[in-house]
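Listed in order, the protein sequences are those of chains V and B. Residue 1 is where the first sequence starts when you use our numbering, and the numbers rise one by one after that. Residue 1 is where the second sequence starts when you use our numbering, and the numbers rise one by one after that.
Just so you know, these hints were derived from the structure itself, not from any lab. As the structure is a prediction and not an experimental result, all values here were calculated from the model. Certain hints may be false.
[Unchecked claim] Derived DSSO-like pairs: lysine-lysine, alpha-carbon spacing no greater than 27 Å straight-line:
1) V:Lys52 to B:Lys249
2) V:Lys215 to V:Lys177
3) V:Lys41 to B:Lys249
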Amino acid sequence: MNFLNQALLWGLAAVSLPVVIHLLNRRRFRKVPWAAMRFLKVSVEQNQRRMKLEDWILLLVRCAMIALLAFLMARPVMEGLSGVPGSKVAAAIIVDNSASMGTRENDSTRLARAQEAAHAILSGLPGGTSVALAGAFHAHEASNDLALVASRIDEISQTDRHADLQQSLEGAARSLKGQAASVKELYLVTDAHAPEWGNFAALEARLREIAMGVKVHLVTVGAPVRSNLGISSLRPAVTLPSVDQPFRVDVDVTNHGAVSMSAVPVKLLVDGQVEGEPWIINELKPGGSQSATLYASLPSPGYHRVTVMLEGDEMPFDDRRTVVMNAREKVSVLLVDGDPGQEARDSETFFLRHALAPVPEEEQADYPVQPSIVSVSDLGGENLDQHHAVVLANVADVPLGFADRLASYVEAGGGLIIFAGGNLRPESYNTLLHRKHGLLPITFSPDGEAPAEPRRAVPTETNPLELDGDLLAGVMFRDALGLEAGDGEYRPALRYDDGELALVESEYGRGKVFVFNSSADLDWNDFAIRPAFVPFVNRLLGRIIQNRENGLNVEAGQTLRHRASAALAGRPATVYEMRDPEALGYLTTLSEGEGSSVLEFDRADRAGAYQVAIEGEAEPVLFSVRPSERESNPEVLGSQQLERLGASVELFRWDSDSNKGSFGKERKGAELWWPLLLVVIVFAGIEIVLAQWFSRSK
Amino acid sequence: MDAETRKLLDPRAIARAEALGMNARFIVEGYMAGEHKSPYRGFAIEFAQHREYAPGDDVRHLDWKVQAKTERYYIKQYEQETNFVAHLLLDGSESMKYGSGEISKLEYGKMMAACLAYLILHQRDAVALGIFDEEVQEYLPRSDNRDNLFRIMDRLAGFEPLRGTRLAPVLHGMAGQIKRKGIVIVISDFFDDEEELLQSVQHLRFKGHEVIMMQVLDPCEIDFPFTGNVEFEGLEDLPIIRTRPSQIKKSYHREFEKFRERLRSDVERHQCHFVGVRTDQPLDEVLANYLTFRKSTAG
Numbered sequence: 001m002n003f004l005n006q007a008l009l010w011g012l013a014a015v016s017l018p019v020v021i022h023l024l025n026r027r028r029f030r031k032v033p034w035a036a037m038r039f040l041k042v043s044v045e046q047n048q049r050r051m052k053l054e055d056w057i058l059l060l061v062r063c064a065m066i067a068l069l070a071f072l073m074a075r076p077v078m079e080g081l082s083g084v085p086g087s088k089v090a091a092a093i094i095v096d097n098s099a100s101m102g103t104r105e106n107d108s109t110r111l112a113r114a115q116e117a118a119h120a121i122l123s124g125l126p127g128g129t130s131v132a133l134a135g136a137f138h139a140h141e142a143s144n145d146l147a148l149v150a151s152r153i154d155e156i157s158q159t160d161r162h163a164d165l166q167q168s169l170e171g172a173a174r175s176l177k178g179q180a181a182s183v184k185e186l187y188l189v190t191d192a193h194a195p196e197w198g199n200f201a202a203l204e205a206r207l208r209e210i211a212m213g214v215k216v217h218l219v220t221v222g223a224p225v226r227s228n229l230g231i232s233s234l235r236p237a238v239t240l241p242s243v244d245q246p247f248r249v250d251v252d253v254t255n256h257g258a259v260s261m262s263a264v265p266v267k268l269l270v271d272g273q274v275e276g277e278p279w280i281i282n283e284l285k286p287g288g289s290q291s292a293t294l295y296a297s298l299p300s301p302g303y304h305r306v307t308v309m310l311e312g313d314e315m316p317f318d319d320r321r322t323v324v325m326n327a328r329e330k331v332s333v334l335l336v337d338g339d340p341g342q343e344a345r346d347s348e349t350f351f352l353r354h355a356l357a358p359v360p361e362e363e364q365a366d367y368p369v370q371p372s373i374v375s376v377s378d379l380g381g382e383n384l385d386q387h388h389a390v391v392l393a394n395v396a397d398v399p400l401g402f403a404d405r406l407a408s409y410v411e412a413g414g415g416l417i418i419f420a421g422g423n424l425r426p427e428s429y430n431t432l433l434h435r436k437h438g439l440l441p442i443t444f445s446p447d448g449e450a451p452a453e454p455r456r457a458v459p460t461e462t463n464p465l466e467l468d469g470d471l472l473a474g475v476m477f478r479d480a481l482g483l484e485a486g487d488g489e490y491r492p493a494l495r496y497d498d499g500e501l502a503l504v505e506s507e508y509g510r511g512k513v514f515v516f517n518s519s520a521d522l523d524w525n526d527f528a529i530r531p532a533f534v535p536f537v538n539r540l541l542g543r544i545i546q547n548r549e550n551g552l553n554v555e556a557g558q559t560l561r562h563r564a565s566a567a568l569a570g571r572p573a574t575v576y577e578m579r580d581p582e583a584l585g586y587l588t589t590l591s592e593g594e595g596s597s598v599l600e601f602d603r604a605d606r607a608g609a610y611q612v613a614i615e616g617e618a619e620p621v622l623f624s625v626r627p628s629e630r631e632s633n634p635e636v637l638g639s640q641q642l643e644r645l646g647a648s649v650e651l652f653r654w655d656s657d658s659n660k661g662s663f664g665k666e667r668k669g670a671e672l673w674w675p676l677l678l679v680v681i682v683f684a685g686i687e688i689v690l691a692q693w694f695s696r697s698k
Numbered sequence: 001m002d003a004e005t006r007k008l009l010d011p012r013a014i015a016r017a018e019a020l021g022m023n024a025r026f027i028v029e030g031y032m033a034g035e036h037k038s039p040y041r042g043f044a045i046e047f048a049q050h051r052e053y054a055p056g057d058d059v060r061h062l063d064w065k066v067q068a069k070t071e072r073y074y075i076k077q078y079e080q081e082t083n084f085v086a087h088l089l090l091d092g093s094e095s096m097k098y099g100s101g102e103i104s105k106l107e108y109g110k111m112m113a114a115c116l117a118y119l120i121l122h123q124r125d126a127v128a129l130g131i132f133d134e135e136v137q138e139y140l141p142r143s144d145n146r147d148n149l150f151r152i153m154d155r156l157a158g159f160e161p162l163r164g165t166r167l168a169p170v171l172h173g174m175a176g177q178i179k180r181k182g183i184v185i186v187i188s189d190f191f192d193d194e195e196e197l198l199q200s201v202q203h204l205r206f207k208g209h210e211v212i213m214m215q216v217l218d219p220c221e222i223d224f225p226f227t228g229n230v231e232f233e234g235l236e237d238l239p240i241i242r243t244r245p246s247q248i249k250k251s252y253h254r255e256f257e258k259f260r261e262r263l264r265s266d267v268e269r270h271q272c273h274f275v276g277v278r279t280d281q282p283l284d285e286v287l288a289n290y291l292t293f294r295k296s297t298a299g
């Protein structure tokens with residue numbers, strides 16, 4: 001015999017209550033002085049034995065009644081007994097809706113089969129059963145309304161996410177633990193897709209634990225997959241996407257299936273329109289990968305969807321991948337020259353300007369990056385908001401008013417790059433940009449001395465600029481200002497070979513800041529005339545521009561975080577899935593972030609493009625979601641693994657024709673609270689009658 | 001000034017005694033006003049002798065037979081007009097302290113004794129008062145002087161019970177002590193040994209006394225209306241009894257009624273009067289009922 005509310009067995013201690021009350025009553029007497037004692041004495045002597053006996057009988061009845069009540073509330077369950085009214089079943093049904101469940105099977109999908117199985121499970125449950133239904137990612141509250149649960153089963157939709165089944169099982173086990181029922185059942189309806197079982201041994205052990213108090217059923221659906229080609233990578237090779245500037249798109253396709261695939265066309269689409277000729281994969285053997293380069297261009301400024309797709313296998317979720325790109329007509333960069341020199345070639349910004357626009361003079365007007373050079377004295381009349389980035393090149397002092405404008409500009413999403421040099425006065429930067437505004441996460445050392453030997457720069461482990469270490473190896477750095485960690489957070493991007501910081505990256509509001517402690521000209525290094533300089537400068541700029549689009553491409557299930565202007569905080573926004581224009585949008589609200597507003601969206605379960613319409617903003621924001629790469633492996637649990645699981649859980653291969661109505665046949669176990677309640681009522685009646693009978697005058 | 005005199009002059013004692021006297025007078029005169037006849041004729045009604053008529057005598061008492069024989073007017077004189085002695089014996093034991101309402105049995109008994117003393121002295125008969133528990137604690141020898149009334153009241157008012165009851169030795173003692181035949185009125189709850197009590201009553205009867213036993217009981221002693229858990233504390237150093245009265249009520253009633261009936265029948269068997277009184281009964285009503293009863297039985 002088990003108890004559903006075992007803790008309430010402590011209520012048995014309440015049996016002592018009638019005894020305590022009886023004892024207390026025996027001590028609590030109203031005192032009456034009395035003269036006619038002899039008659040009283042005779043009467044008491046005549047009745048004493050009877051009164052004692054009556055007291056004992058009443059006490060026993062009351063104690064028994066309370067003991068039965070405590071027993072009843074602990075909800076005893078007799079195993080192997082069935083047909084007792086009032087017995088309850090609690091069930092949890094997990095329907096796996098991870099990406100692999102979208103695998104095609106004839107005219108159906110694995111998910112559709114799983115939903116059929118879930119309906120069959122539901123129909124096998126007795127009325128009044130409390131059912132907690134969950135997908136692989138979202139769980140519903142337990143409900144006794146089986147019709148509602150049935151409609152929720154139909155609402156479970158396919159995702160392109162990777163499921164963590166252990167997490168789903170824990171949630172279901174928790175839900176069942178919180179319910180009081182004589183029979184607890186957990187159904188996991190899944191395709192037994194091996195990647196979702198992760199650490200099989202750990203999951204098996206956990207299932208065994210859960211199965212100690214819960215009847216666990218593993219219901220498997222789906223046949224083994226033979227063919228699965230998947231787009232394993234889609235990389236637009238452009239730092240600054242610009243209008244009508246063709247760019248390269250690198251695509252990797254992998255054969256995850258068990259058969260060779262041949263003559264598979266891979267198409268590239270921009271905003272749904274096919275671009276160019278498809279790439280035909282002649283033959284791809286199982287486990288093999290092929291890469292191809294496709295070309296695309298963005299037709300207009302703003303957000304565009306660049307999609308690569310293929311067709312013809314059983315697992316469709318990884319056959320299509322989209323990235324969102326924001327095309328800009330022109331990127332304007334303001335170069336502030338702190339050391340103009342006598343001739344153009346001597347100026348501090350000479351190499352920077354050419355690195356940013358590495359085209360002949362006559363083509364510069366059409367080039368997407370438009371650098372403009374000003375001296376410090378001309379900064380007063382410059383409207384910073386017109387520029388995507390500001391570069392301070394060996395500027396001695398930051399003018400007070402300019403420092404304030406610069407901080408506001410970066411906070412609103414602008415970019416700042418600082419190159420050091422012999423003119424730069426550390427105290428001015430440290431005071432205004434570090435201490436006053438916190439714009440610089442580090443400080444410059446005031447008394448830096450040139451190293452004895454020239455140094456080389458190496459990318460850090462994270463290498464956020466994806467710099468080529470070999471190219472950098474040829475650059476000699478003779479001098480640099482020292483950088484010291486300050487109050488702000490930063491990421492090192494480059495270090496010298498002696499470990500000293502060379503380049504740090506940090507965020508400020510919606511903007512980004514780079515601090516490079518060597519010069520942009522040839523005074524302290526020969527970087528500007530090395531091949532590494534042009535990609536270095538362009539990637540700095542690319543990082544600044546991309547910073548605004550950070551989070552526009554996420555994996556299914558990840559939370560989208562998009563930073564927008566601080567003025568939009570509190571505005572409602574609607575997120576639409578673009579491939580299904582009929583689908584309802586998700587409503588959300590932009591929250592207040594540090595110097596910006598933040599849109600967070602955690603319901604991106606399907607791969608593809610999503611559009612975010614923010615109230616009051618004319619242009620919608622696009623972002624893309626890629627399917628989980630871990631789902632592409634079609635492997636399912638082997639027979640040996642299933643056999644091991646069968647030791648602790650009930651295995652069920654779902655076949656809609658043959659095993660409909662099979663669920664729940666073996667259900668046994670009955671609650672005894674109903675018969676116990678009747679006994680308690682009978683005892684209560686006996687107590688009332690006896691109390692009346694015994695207290696009558698005799 | 002001796003202690004007795006001091007006690008008499010004690011303003012509180014005087015006030016108490018006067019209050020008792022006033023109450024007794026109020027009760028008796030109230031009764032008399034309603035009756036319009038001499039109430040105290042009821043106590044001794046035997047013919048005694050003739051006396052020559054004198055102006056002012058009640059013509060109703062003229063003996064017309066003697067007048068017819070002797071042509072002289074004679075008035076019939078009855079024993080009542082002779083000085084009879086009433087011995088008022090009040091039980092002042094601790095059991096008489098019990099009172100569920102405003103008045104205890106002892107207070108009721110005191111009032112009753114005071115009323116009777118007033119009545120008797122008012123008809124110029126003699127009254128002796130004894131207050132007893134295990135023995136006689138207060139005794140005022142017989143006197144027909146109305147001025148003695150205040151002393152009676154004072155003794156009654158000032159008495160406080162301290163001991164248990166032993167009726168039989170007291171009554172035996174009184175039987176031996178009282179020389180002249182009289183009326184012995186015992187006011188008590190008679191919670192004592194019944195057999196011994198009856199022997200002592202028999203002793204009084206043997207000595208020629210008329211015995212009137214007035215049993216004073218509290219309503220709660222008769223009705224036993226208690227509920228819940230009650231600890232009964234014996235008033236005469238008896239051990240406490242804890243019980244639930246509602247569960248023994250019938251049994252108690254049975255025992256108590258048996259006692260009262262036994263006492264009544266035994267007392268009446270010895271040609272004594274037995275009067276049962278509840279302390280919630282108006283005293284004038286009790287006295288009037290009893291005196292009316294006596295008058296009717298005297299013929």
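Okay, the hints, checked on the actual structure:
1. For the hint linking Lys52 (chain V) to Lys249 (chain B), the alpha-carbon distance of about 16 Å falls within 27 Å, and the restraint holds.
2. This hinted pair checks out: Lys215 (chain V) and Lys177 (chain V) have alpha carbons roughly 12 Å apart, not beyond 27 Å.
3. Note on Lys41 (chain V) and Lys249 (chain B): the hinted pairing holds, with a Cα-Cα distance of about 12 Å set against a maximum of 27 Å.
In this structure, every one of the numbered hints holds.
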